[in-house]
Each structure stands twice: as structure tokens, then as C-alpha cells.
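**Student:** Here are the chains, one letter per residue:
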Amino acid sequence: DVKVTQSSRYLVKRTGEKVFLECVQDMDHENMFWYRQDPGLGLRLIYFSYDVKMKEKGDIPEGYSVSREKKERFSLILESASTNQTSMYLCASEQPPKQFFGPGTRLTVL
Amino acid sequence: AQSVTQLGSHVSVSEGALVLLRCNYSSSVPPYLFWYVQYPNQGLQLLLKYTTGATLVKGINGFEAEFKKSETSFHLTKPSAHMSDAAEYFCAVSLGNNNDMRFGAGTRLTVKP
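These protein sequence lines are chains A and B, in that order.
Following our numbering, the numbering of the first sequence begins with 1 at its first residue and continues without gaps.
Following our numbering, the numbering of the second sequence begins with 1001 at its first residue and continues without gaps.
Honestly, the hints are just simulated from the structure, not real lab data.
Misleading hints may appear alongside valid ones.
Calculated lysine-lysine pairs in the PhoX-like style (CA-CA distance at most 20 Å, straight line) [unchecked claim]: (1) 1058/B - 98/A; (2) 53/A - 13/A; (3) 98/A - 1112/B; (4) 71/A - 3/A.
Listed next, with one range per pair, are the computed distances between beta-carbon atoms [as the list claims (entries may be wrong)]: (5) 38/A - 1053/B: 30 to 38 Å; (6) 30/A - 1051/B: 14 to 22 Å; (7) 1060/B - 56/A: 28 to 36 Å.
Each residue gets a CB set at the ideal place from its N, CA and C atoms; glycine is no exception.
Please construct the entire structure, taking both the sequences and the accompanying hints into account.
**Tutor:** Now the structure itself:
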């Protein structure tokens, strides 16, 4: 079975803090994705990566950056957290056309 | 670019009743279509997917969906709702290899006893 893990299930940070959300997959997939999930808005794509050191902006990249130094790990970075980034963050790994999701990280920014 | 519209942010049915969750998509090429379920405090799980072949797709937990190209729809159904089906359901569309998936806004299903 494919396993996608995320570093934290729940996270609370202060406004202005730098936040790292990590995602690790164990199936040697090339494609990985970061989404945020908000009530009434569903899932929105933040960034995705097709290979190590490659990244592409999704629909809502503002305020975020990503890092893919190793194939199995895809990190989402909030350079300076703001309250409007309070959300559920979901990582996915892809064997096209199927995506496998991690359990999610619920981030609260105070 | 592809997109998905889920009709109805909330659907409520009685236990044992038919479940129908609606999804319409737009795509410039034949799409891959998915339904995901998210139970409270859990991650997304794949219910079923359509890629090619038979247009009626059967998934887990008794759910099925039919791809109707003429209607650009991929509605999710289950003949008899169970209390454990209460969750949020997401329809998604992808154009295939190396292409990002687009999700609908989700439909919250409530099952009444």
C-alpha cells in the first residue's frame, strides 16, 4: 500500500512565524502536490512538483513556497504565517492518474 | 483547463434512502474522474474512479458512479444510505499523466435515522 505521511496532524503557530509542513511518500512517485481545504471551497492547489528540485505554482501560491530536495519529500513553507492561512493542508503523491493523500495537517495561525 | 462543479453543498437523506450526489465537469479532452470521501477528522479516501472503458464504475462501500459524456456528468449514487456514510464527498477531474487534479467544493452528506 502507498503511504503518504505528514509531519503533524495539528499545528498552532503565531502570526509572522515561519512554518514548515512536511510530506513523505514511500512509493517513489515523481509527482507530489500540496492542497489546502476550506469549508465551501473544497480543495485548492497550492503547488506541485514533477521531480526533484522542480516546482510549479498551483491556483493559490501566494504566501507559500515549496522545497523538493529528495524525491520522497515535499515540503510546504509559510514564510510569514498569517491568520488567513489557518486551514487544513493536504499533501498528495501521484501515480497518474491516481492520487494518494496524506491524513492532513490542521494549521491554526493565531 | 478542467473544472468540476458539485451541485449542493449539503445533502440530507434518511437511512435506507437513495444517495445521489451530483457532479458536472468541464474538460477539453476526455477526462479522468474521481470521487473521494473524507470522514470527520480523517484524510481523503478514494471511493472510485473512471479512466476508460465501462462508464458505470463501482467503488467501495456500495457506491457507484456513471460517466455520461453527453451530460458532462459523473454523479455518485448508493441505493441505500447507511449512517456510516455521513461524510464529505469530493468530485475531482484530471486530464491524465502529469496534470494536476481539480476538485469540486465538496458535498456534505448527512444521514438521518
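**Student:** Does each hint fit the structure? Answer for all of them.
**Tutor:** Here's how the hints hold up against the structure:
no.: 1; hint: 1058/B - 98/A; in the structure: holds, 16 Å
no.: 2; hint: 53/A - 13/A; in the structure: violated, 27 Å
no.: 3; hint: 98/A - 1112/B; in the structure: violated, 32 Å
no.: 4; hint: 71/A - 3/A; in the structure: holds, 14 Å
no.: 5; hint: 38/A - 1053/B: 30 to 38 Å; in the structure: holds, 35 Å
no.: 6; hint: 30/A - 1051/B: 14 to 22 Å; in the structure: holds, 19 Å
no.: 7; hint: 1060/B - 56/A: 28 to 36 Å; in the structure: holds, 31 Å
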